[in-house]
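Residue numbers (numbering that gives the first Met the number 0), protein chains in the order written: chain A, 0 to 93; chain B, 0 to 395.
Treat the hints loosely; a few may be bogus.
[What the hints assert, rightly or not] Calculated lysine-lysine pairs in the DSS-like style (CA-CA distance at most 25 Å, straight line):
| hint | chain 1 | residue 1 | chain 2 | residue 2 |
| --- | --- | --- | --- | --- |
| 1 | B | K165 | B | K333 |
| 2 | B | K292 | B | K120 |
| 3 | B | K314 | B | K333 |
| 4 | B | K234 | A | K81 |
| 5 | B | K249 | B | K364 |
| 6 | B | K364 | B | K24 |
| 7 | B | K333 | B | K222 |
| 8 | B | K2 | B | K165 |
| 9 | B | K292 | A | K81 |
| 10 | B | K25 | B | K55 |
| 11 | B | K220 | B | K333 |
| 12 | A | K60 | B | K220 |
| 13 | A | K81 | B | K2 |
| 14 | A | K51 | B | K249 |
| 15 | B | K314 | A | K81 |
| 16 | B | K55 | B | K165 |
| 17 | B | K54 | B | K314 |
| 18 | B | K24 | B | K120 |
[Said to hold, decoys possible] Sample of chain B residues at the chain A side, in silico, Cβ under 8 Å:
| hint | residue |
| --- | --- |
| 19 | H153 |
| 20 | K222 |
| 21 | C371 |
| 22 | S374 |
[As the list claims (entries may be wrong)] Facing chain A, a subset of chain B residues (Cβ under 8 Å, in silico):
| hint | residue |
| --- | --- |
| 23 | A34 |
| 24 | F37 |
| 25 | A38 |
| 26 | R133 |
| 27 | P233 |
| 28 | K234 |
| 29 | G236 |
| 30 | E297 |
| 31 | A306 |
| 32 | K333 |
No lab work stands behind these hints, which were simulated from the structure alone. The C-beta atom is built at its ideal place from N, Cα and C for all residues, glycine as well.
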Amino acid sequence: MKDPRDVFICRCEEVTLREIEEAIEEGYTTVDDVKRITRAGMGLCQGRSCSKVIARLISEKTGIPLSDLLQTGYRYPVRPEKMMVLDNDGEGDE
Amino acid sequence: MEKTYDVCVIGAGIIGLSCAYYLAKKGKTVAVLEAGGFAHGASGSCDDMILFQSKKPGINLELAFESLELYRSLRDELDSDLGFENYGGMVLIENRGELQIMEQFVTQQRNYGLDVEILDKKEMRRRQPLLSERYIASTYSPMDSQADPFEVMHAFSRHAGRLGVKILYRSPVTAVEQKGQGDYLIHYGIGSSLRALQVVNAAGAWAGHIALMVDENVPIKPKRGQILITEKIPKLGETNLWSARYLVTKLSSDYVIESTEEERQLGLAFALTRSAGSSYLIGSTREFVGYDKGTTMEGIRAIIRQACSTVPILKDVHFIRAIAGLRPATPDGKMILGEHSSRPGFFTAAGHEGDGISLAPVTGKMLAALVCGDSLNAGLKELSPDRFNVRNMEAV
């Protein structure tokens, strides 16, 4: 690899360290803002691993405490689910 | 002493950012105040559509034409592809009753200049081989398009920034005071304030609250739309899809569809859009539940049931996220755009409901012209905030 900044931070959406650092430098300083700018964390795993790396990168660059940046709570679905699981008339207890 | 700007835009959704960009292009100094983060509201929780087929002949359709042209040229102007795609769209028809209404509607739209036609079952299935057998026909328009709201908003922000626009996130407006003619004092965040000669209220579903701060009436209600996002999958068909089921009830008030109480509560209507990320966005509900923008199991389940019955192969597809946005809905289905005549210098640009992405460029461009006092076509009068002004109505 030519430049270590070309490493993927979000593998699902193929977002590189460079793109994330650029977003932070542009002034987007929450995990959510960086996600909406770069798509990092929007893919299949929904940021399960990259969101923590992104929080750390923001913290390092801005001095915002890491604890203020880490995401709390996830909403349904917490992992990818086949649609057929909910495609029934019962109460979804398959 | 507070910093003074020519214009303060309240709200950094796609509408506010478009307004800020076009104002800066006209040489105004602009500050944008946003309560949340980037794309945190309805603009970032929508299904990307620049939809023509849902629009009745009239100002909404006319503005959509203008906006589409602007999107095409903005790609060069903003140096971004904007996630712009032109897949075209089909509205799916289930029975004779729907077909009759849609045939009339298509004729009206064609007379108004929209490129749209009815396809028979064979041609519909050629373009959408994975559709359920129950659809008997569809419409088709090559004009239906889409843009990636995140790309559009980022591009507007970047270029507005280069023109000197200051965008302040996590800065909710707490009060707006008119100190004199062309002098507004805007309080935001915790004890901060700025001054502006003019104010643009682009606060979407919250525009009514902002207007109240200066005793103005903007009757916008939040309408919640829940949407599901699938994993990345190959293209399912040639175009984006909608069902006629919801549209026909809006076109013909005496047409009754069979639906359950739950479906009516949820205001469910099928929409399938291929997103910029190669996933699909499946919508949507239309619920009046105040400012609650949570997703619900009832909503998710209803969207899935409808999607799987329309395009059965979706049963085997994973959904990875559910989102919800509060669409700013007006009583007459038209956006609110213009200066409040009883509050000179205070403008509203809000109330696009499901047309925010569609109409963002044209809204920003017209708003900037209005703020600068340029004369615009007379048709814009029907969008004026004065149409809801009780004092005006009493005068009539």
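Results of checking the hints against the structure:
1. As the CA atoms of K165/B and K333/B are separated by approximately 29 Å, the hinted pair breaks the 25 Å bound.
2. Restraint check: the Cα-Cα separation between K292/B and K120/B comes to about 38 Å, which exceeds 25 Å; the hinted pair is violated.
3. Taking the CA atoms of K314/B and K333/B, the gap is near 37 Å; set against the 25 Å cutoff, the hint is violated.
4. A hinted pair counts as satisfied when its Cα atoms are at most 25 Å apart, and K234/B with K81/A qualifies at roughly 18 Å.
5. With a CA separation close to 29 Å, the supplied pair K249/B and K364/B exceeds the 25 Å bound.
6. Taken as a hint, the K364/B and K24/B pair is honoured in the structure, with Cα atoms around 10 Å apart against an allowance of 25 Å.
7. Proposed proximity of K333/B and K222/B is supported: the alpha carbons are some 14 Å apart, at most 25 Å.
8. Annotation: proposed proximity of K2/B to K165/B holds, straight-line Cα distance about 11 Å (limit 25 Å).
9. Simply put, K292/B and K81/A have alpha-carbon atoms about 24 Å apart, close enough for the 25 Å limit, and the pair holds.
10. In summary, the hint linking K25/B to K55/B is not supported, as the alpha carbons are separated by about 32 Å, beyond the 25 Å threshold.
11. For the suggested pair K220/B and K333/B, the alpha carbons sit about 13 Å apart, so the restraint of at most 25 Å is met.
12. Straight-line distance between C-alpha atoms of K60/A and K220/B comes to about 40 Å, which puts the hinted pair past the 25 Å bound.
13. Note on K81/A and K2/B: the hinted pairing is violated, with a Cα-Cα distance of about 53 Å set against a maximum of 25 Å.
14. Distance restraint check for K51/A and K249/B: the Cα-Cα separation of roughly 46 Å exceeds the 25 Å cut-off, and the hinted pair is therefore not satisfied.
15. Taking the CA atoms of K314/B and K81/A, the gap is near 7 Å; set against the 25 Å cutoff, the hint holds.
16. For a cut-off of 25 Å, the pair hint linking K55/B to K165/B is broken: about 37 Å separates their Cα positions.
17. Between the alpha carbons of K54/B and K314/B the distance comes to roughly 31 Å, so the proposed pair goes past 25 Å and is violated.
18. Between K24/B and K120/B, the direct Cα distance comes to roughly 49 Å. Violation of the 25 Å bound is thereby established for this hinted pair.
19. Restraint check, H153/B versus chain A: the minimum CB separation of about 6 Å is within 8 Å; hint holds.
20. With a cut of 8 Å, the hint placing K222/B at the interface with chain A is violated, because the nearest CB-to-CB distance is about 20 Å.
21. Checking C371/B against chain A by beta carbon gives a least distance of about 28 Å; that is not within 8 Å, so the hint is violated.
22. Against a cut-off of 8 Å between C-beta atoms, the interface hint on S374/B is violated, since the closest Cβ of chain A lies about 37 Å away.
23. The beta carbon of A34/B is not positioned within 8 Å of any beta carbon in chain A (closest approach about 14 Å), and the interface hint is therefore violated.
24. For F37/B, the interface hint holds, since its Cβ comes within 8 Å of a Cβ in chain A; the closest pair sits about 4 Å apart.
25. A cut of 8 Å between beta carbons decides the hint on A38/B: the least distance to chain A is about 4 Å, and the hint holds.
26. Hint on R133/B is violated. Least Cβ distance to chain A is approximately 16 Å, over the 8 Å limit.
27. Given hint, P233/B at the interface with chain A, is violated; its Cβ is 15 Å from that chain's nearest Cβ, farther than 8 Å.
28. Look at K234/B: its Cβ only gets to about 18 Å from chain A, farther than 8 Å, so that hint breaks.
29. The beta carbon of G236/B is not positioned within 8 Å of any beta carbon in chain A (closest approach about 17 Å), and the interface hint is therefore violated.
30. A least Cβ separation of about 11 Å between E297/B and chain A goes past the 8 Å threshold, and the interface hint is therefore violated.
31. Taking 8 Å as the C-beta contact cut-off toward chain A, the hint placing A306/B at the interface holds, the least distance being around 7 Å.
32. Annotation: interface hint on K333/B violated; nearest CB of chain A at approximately 29 Å, more than 8 Å.
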